[in-house]
Amino acid sequence: MEIKIEKLSKKFGDNHVLKDINLVIEKNKSTIILGKSGCGKSVLLKLIYQLIKNDEGSILYDKKSFVDIDKFGMLFQYGALFDSLTIAENIAFGEINEGKNNYRNKVINSLKEVGLSADIYNKYPSEISGGMKKRVALARAIYKNPKVIFLDEPTTGLDPINSDMINELIIRIIRKKKMTAVTITHDIQSALKTGDNYFFLNNGVVEDSGKCTSMLKSKNKLLDEFLLGVKKLQKS
Amino acid sequence: MQFIESIGKTALNVIRAIGKLVIFICLFFQFILKPKFYLKHNSKYFIEIFISSIPIIALTGIFSGMVLALQSYTGFSRFSAESAIPNIVVLTLTRELGPVLTGLMISARVGSAIAAEIATMRVTEQIDALKTLNTNYFNYLVTPRVLSLTLAMPIFVTIVDFIGVMGGYVVSVYRLGFNENMYLINTIDFLSFSDYLSGVIKATVFGFIISIISCYNGLYSEKGAFGVGSATTNAVVLSSILILVFNYFLTEIFF
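Residue numbers (this note's numbering), protein chains in the order written: chain V, 1 to 236; chain L, 1001 to 1255.
Just chain L, with the same shape it has in the complex (with noise of 0.2 Å):
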């Protein structure tokens, strides 16, 4: 009887968690339809997303060309299809590596900050001292990150993209012989713009649930140390589950 009766329990928490959460993103819509920009604030807040995330993506970009000219070289040299590792590289980049693997970093970079900072600042009164002096919380604490993370996000994969083929291009010629010229073509003349498009469309998808779970999990984490460090866990493992599902059916729509 007890089992059935925390079965019970799991279900409404998980349903009731559902519901805030809609209502959350509801909320935000809400805000941005008729908004108040703290703008000094925001556009520091971007700033300092963008400055931060840069070196991260970009050495995920990189690495990542590097190792799938590697991998792709081994399994495509058996069959004597070398020749189509440019056009693996850019289009495993573009349409699926590039967002995925941006989206992935940031959450663990820029998701677990914002969530750690929100339950900071509700743990130690903060978010209460912004209603006492009539700011409201919502504005200036979750529309700022959700609209800088969803826009730096196009702009992230678009590194990630220019710097991962750029690392299958050092790997391909420096190490694996490629003519430059050609690797360089063979890239150009098989990458259209929907292949480009559709990683961007998905890399702003992303940033969306990255920022929105990561100021939901702070703006309703626990009280005391264990709170903020929950808060900022579930935010990163949610964020990071809700990419990969939502990868897939976007890769479904794209396809």
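Only chain V is shown next, with the shape it has when bound in the complex (with noise of 0.2 Å):
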């Protein structure tokens, strides 16, 4: 699906969010949307998926202007899976409510696309460790084979290793499902691994945008900035 958003702004009281933001997610690609905290970005992520409204301007879903939210798959950032039921009535928690029975054998295909076997089926959230939980999440987040997938944060806090791992699935995953994938990350490695192309926002606006694979060699000041502060976060 290509998501087409021209002269987006978002106003909360008197803070302009986002403003005048034209940008295009292409169709089976992986866009990564980066910048500081409190840019804008998951507020940007939040107008896309529909949850709120936009003041001005619009986005188009392979040019319609609604599109059926079961469309979309969304990953937070810390897995946001529901405590009280089980990992099996987490991932299929839409066709549970929509009072169907029969979902044993996808939710296990769901857990084995992640890389979980069926032991998890029964257990809760508080039963598994982070880095499970972020691959249930992922679980949930393809059950319904969505066209657009939203990746908040994929990789923070797991060590390098599940890093590597949530990665390499994502890009797995995206590539089998042909699915569109729009991540927000301050992980450089991770944008320059899963990502094909790439908006940089700064005060609720658009200030680069290209190719990921050409985004260290980018001449914008501030992307610079922002890259060199990433870095020596993570080294320190």
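Bear in mind the hints are in silico, worked out from the structure with no lab data behind them. From a predicted model like this one, the values you see are computed outputs, not experimental measurements. Ideal Cβ placement from N, Cα and C applies to all residues, glycine included. A hint or two may mislead.
[As the list claims (entries may be wrong)] Which chain V residues stay away from chain L? Per the calculated CB distances, all over 12 Å, these:
1) Lys4
2) Ser9
3) Asp20
4) Asn28
5) Ile52
6) Asp68
7) Asp70
8) Leu75
9) Asn101
10) Asn109
11) Ser129
12) Lys144
13) Asp152
14) Ile188
15) Lys219
16) Asn220
[Stated by the list, open to error] Output of the computed footprint for chain L on chain V, the stretches with three or more beta carbons under 8 Å from beta carbons of chain L:
17) 55-65
18) 175-181
[Claimed, not checked] Mimicking SDA-like on lysine to any residue, the simulated pairs with C-alpha atoms at most 25 Å apart in a straight line are:
19) Lys100/V <-> Leu85/V
20) Lys100/V <-> Tyr1140/L
21) Lys63/V <-> Lys1131/L
22) Lys71/V <-> Glu127/V
Taking the hints as your guide, dock the two standalone chains into a single complex.
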């Protein structure tokens, strides 16, 4: 699914979070949105997901102004699994609420797809590790075979080995299922590894964009500062 | 000048909060009129509330009835009116103590749990996750809790009334030497259905107050551990105060 954003603006009270945003998220490509905390990345994601309404401008999904939310999937920063439900109930949440009961095989397949065994089927989120939670959240996000998957800081809180594993998994899944992916991240290594295109936001404005392969060669000063800051932080 | 400004700000914040709460209540009634019931989830929640609350309200009922009998005896024995004790115990419990004490206990037990759970869900993005899974979070989180507690409270108060009367009976018969048959006859004879009904109506209103205030505080909590803590405290304090205030006005109506 191609997503075209034109002259998009969003305000909360006097706070102008996004100003005149223009960008295109290409079909079946992985797009990375970079930027400092508070620059409007999460608001942009929520606007694209249709969770909140924009004040001005338009978002077109394959040239249509509205799309069924079931065509989207989302991986939250810390998983956002429902504590009171089992892993299976978390993954098949939508189907259970629709009154369907024959989800067992489908859930087990989803677990396999993210490299987990069926042993955790009846466990609760508090009984599994952080890395496993992230994978379960990914399994939930792809359960309904969405056309677009949104990934909010997918490697946050994970050690380098688990981060690598999640990145590999994401690349494999979006390629296999031919999904469009939109990722918010501060992790430059992950962005370079998983992304095709990038957009750099600063103070609610798109400051720079291009192919991820040319990100490090960008002449944009603000992006340069941001990349340097992230590198320093990662080193420390 | 700053003092006046801070009074103005506080007043505006209070008006804003009341406005938000009124809209929240209107939203609840809007969803009740065109509900999408998550049947499994709703029934699970009702059972959870019911089972977890029974021991607490049973203890509240039995000790209230026992103390009431003892204290009434202290007062009434001074002018030889001990025979009025069964009437006092049953009327005070059904009309007043049953609904109010049950309301306060349920506010502490269930209200705090509702507020903490929803606030935690908000902090950990679980409410955003509900939205992304095409689920109406209001129908999923608020409606079942408000309905469950509003429907459970009349049952709770009936249990408290019954256990409380039995507590009074035990103390009066085995401690104060009342005739057991006379105690029961006096209790049944003096209790009218309207006494019981007024308590049940009060309990239903209190159930609604506790659940709506707790859901509201949970959903609009601030972020972080502090937000969860203050949402829980606010839910219990506000619903307890409102129970006492509404109790007076309802008593005026049923007087």
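Checked hints:
no., hint, result
1, Lys4, "holds (21 Å)"
2, Ser9, "holds (22 Å)"
3, Asp20, "holds (26 Å)"
4, Asn28, "holds (21 Å)"
5, Ile52, "violated (10 Å)"
6, Asp68, "violated (8 Å)"
7, Asp70, "violated (6 Å)"
8, Leu75, "violated (10 Å)"
9, Asn101, "violated (10 Å)"
10, Asn109, "holds (19 Å)"
11, Ser129, "holds (17 Å)"
12, Lys144, "violated (9 Å)"
13, Asp152, "violated (8 Å)"
14, Ile188, "holds (24 Å)"
15, Lys219, "holds (36 Å)"
16, Asn220, "holds (31 Å)"
17, 55-65, "violated (count 0)"
18, 175-181, "violated (count 0)"
19, Lys100/V <-> Leu85/V, "holds (16 Å)"
20, Lys100/V <-> Tyr1140/L, "holds (17 Å)"
21, Lys63/V <-> Lys1131/L, "holds (24 Å)"
22, Lys71/V <-> Glu127/V, "violated (30 Å)"
Hint violations for this structure: numbers 5, 6, 7, 8, 9, 12, 13, 17, 18, 22, all remaining hints satisfied.
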